[in-house]
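A.B. asks: Spelled out, the chains give:
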Amino acid sequence: MFTEIIEILDRFLSFFEQSLAFLGHHLFLIFGLLAIVASVTMVFAKNAVHSVLAFLATMICTAACYFTLQAEFLAVAQLLVYAGGIVVLFLFVVMLVELSRFKENRLFQRQTPLAMFVVLLGVVGFLTMFRRLIFAPSASEALTLSPELAEGLDVAGQNAQAISRGMFTGYLLPFETMSVILLIALIGAVVLAKQERV
Amino acid sequence: MIMVSMNTVLFISFTLFSIGVLGVLIRRNALIILMCVELMLNAANINLIAFARHSGTVAGQAFALLVMGLAAAEVAIGLALVVSLYRKKDTVQVDDINLLKG
Chain A
1 MFTEIIEILD RFLSFFEQSL AFLGHHLFLI FGLLAIVASV TMVFAKNAVH SVLAFLATMI
61 CTAACYFTLQ AEFLAVAQLL VYAGGIVVLF LFVVMLVELS RFKENRLFQR QTPLAMFVVL
121 LGVVGFLTMF RRLIFAPSAS EALTLSPELA EGLDVAGQNA QAISRGMFTG YLLPFETMSV
181 ILLIALIGAV VLAKQERV
Chain B
1001 MIMVSMNTVL FISFTLFSIG VLGVLIRRNA LIILMCVELM LNAANINLIA FARHSGTVAG
1061 QAFALLVMGL AAAEVAIGLA LVVSLYRKKD TVQVDDINLL KG
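Chains as they are written, first to last, in this note's numbering: chain A, 1 to 198; chain B, 1001 to 1102.
Just to be clear, a hint being listed does not mean it is correct.
Label pairs and their calculated CB-CB ranges [claimed, not checked]:
id : chain 1 : residue 1 : chain 2 : residue 2 : range
1  : B       : Asp1096   : A       : Ser138    : 45 to 53 Å
2  : A       : Phe117    : B       : Leu1070   : 30 to 38 Å
3  : B       : Phe1011   : A       : Val49     : 28 to 36 Å
4  : B       : Met1003   : A       : Pro174    : 14 to 22 Å
5  : B       : Arg1087   : A       : Gln158    : 43 to 51 Å
6  : B       : Ile1097   : A       : Glu72     : 36 to 44 Å
7  : A       : Ala83     : B       : Ile1097   : 51 to 59 Å
Calculated lysine-lysine pairs in the DSS-like style (CA-CA distance at most 25 Å, straight line) [said to hold, decoys possible]:
id : chain 1 : residue 1 : chain 2 : residue 2
8  : B       : Lys1101   : B       : Lys1089
9  : B       : Lys1088   : B       : Lys1101
10 : B       : Lys1089   : A       : Lys46
11 : A       : Lys194    : B       : Lys1089
12 : A       : Lys194    : B       : Lys1088
Stretch by stretch, here's where chain A covers chain B in the computed footprint (C-beta under 8 Å, at least three residues) [what the hints assert, rightly or not]:
id : stretch
13 : 1035–1045
14 : 1050–1063
15 : 1067–1073
In short, the hints are calculated from the structure, not lab data.
Backbone N, C-alpha and C fix where the C-beta goes; we use that ideal spot for every residue, glycine too.
My request is simple: use the sequences and hints to build the entire structure.
C.D. replies: So this is what it looks like as structure tokens:
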């Protein structure tokens, strides 16, 4: 009696472990599909606040995708910049502009069927153009890091260190340009959102 | 060991990008159009990171970080534009803004 129960329990646990391992192997796919579902919700949501929340879900799923691609620093930066900063900005503006007045109006543009057709055409055209590349056998094998490749990204050590080394040696000029762009954006946002005095 | 193949990455980022394009084309609300632009930038970022991992160099991750900063700057400017538009024209629907329409 007891041995049977233990056997059933054991079988169940091993099944559970196997399915957990399967899920663990395909984490990128799972989070990618979740991101796609959330982004579809974002585009078709009626309420703008729901749209912003779906955007937040999309960004979190994208950050999880970065984690599975072993870009830990970028994943954390994504969470900080998007989930922490940009979503709050969007929510702030949604509450500022009082969208409830527009609720009775149409949600979509007049050219929606045409736009959907064009996007579908683009998708089909892209897939036919690059089908050899995408379905090539070399593209379907798993991305595994060989040790000499892993050294460049410093996956075993600290990812942030590797990025900063690349950023401050090879890509110093883009980095400095980015700081100027951020300054311009800061000043531009203040100037644009300021009240008219004239 | 997480198994990621290049196919999966390309398909998912391509789908996300297409959804972003669709959102920009069909929505009337300027805020949601901005969010869809962000979505497209993120799809490009996924590709950059996957290719960085494929080639084992840090260039893709560095550029993904730069794209992230650029996206933040773009959102700040875009939202300032939306707010000033709301103040001047009292609307955030993009097809109500037709000053240049002949």
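A.B. asks: When you check the alpha-carbon spacing of B/Lys1089 and A/Lys46, does it fall within 25 Å?
C.D. replies: Within the cut-off at roughly 23 Å; holds.
A.B. asks: Does the structure keep B/Lys1101 and B/Lys1089 at a Cα separation of 25 Å or less?
C.D. replies: holds (15 Å)
A.B. asks: Can you let me know if the beta-carbon spacing of A/Ala83 and B/Ile1097 is within 51 to 59 Å?
C.D. replies: Violated, since A/Ala83 and B/Ile1097 (Cβ atoms, about 30 Å apart) do not stay within the stated range.
A.B. asks: Sort out whether B/Lys1101 lies within 25 Å of B/Lys1088, counting only the CA atoms.
C.D. replies: Answer holds: B/Lys1088 to B/Lys1101 is near 18 Å, not above 25 Å.
A.B. asks: Examine the stretch 1035–1045 of chain B: at least three residues should have C-beta closer than 8 Å to a C-beta of chain A.
C.D. replies: Satisfied; 6 residues make the cut.
A.B. asks: Starting from A/Lys194, check that the Cα of B/Lys1089 is at most 25 Å away, please.
C.D. replies: The given pair, whose Cα atoms are some 15 Å apart, holds under the 25 Å limit.
A.B. asks: B/Asp1096 and A/Ser138, beta-carbon distance inside 45 to 53 Å?
C.D. replies: The hinted range 45 to 53 Å holds for B/Asp1096 and A/Ser138, with Cβ atoms some 50 Å apart.
A.B. asks: Does the beta carbon distance between B/Arg1087 and A/Gln158 stay inside 43 to 51 Å, or does it fall outside?
C.D. replies: holds (47 Å)
A.B. asks: At a Cβ distance under 8 Å, does chain A reach at least three residues of the stretch 1050–1063 of chain B?
C.D. replies: Since three or more residues must qualify, the claim that chain A covers the stretch 1050–1063 of chain B holds, with 12 doing so at under 8 Å.
A.B. asks: Does 36 to 44 Å hold as the CB distance between B/Ile1097 and A/Glu72, or does it fail?
C.D. replies: Cβ of B/Ile1097 to Cβ of A/Glu72: about 42 Å, so the range 36 to 44 Å holds.
A.B. asks: I want to verify a distance hint. Is the separation of the beta carbons of B/Phe1011 and A/Val49 within 28 to 36 Å?
C.D. replies: Given a distance of about 30 Å, which is inside 28 to 36 Å, the answer is holds.
A.B. asks: A range of 14 to 22 Å was offered for this pair. Does it hold for the Cβ distance of B/Met1003 and A/Pro174?
C.D. replies: violated (33 Å)
Of the numbered hints stated above, those contradicted by the structure are hints 4 and 7, listed in ascending order.
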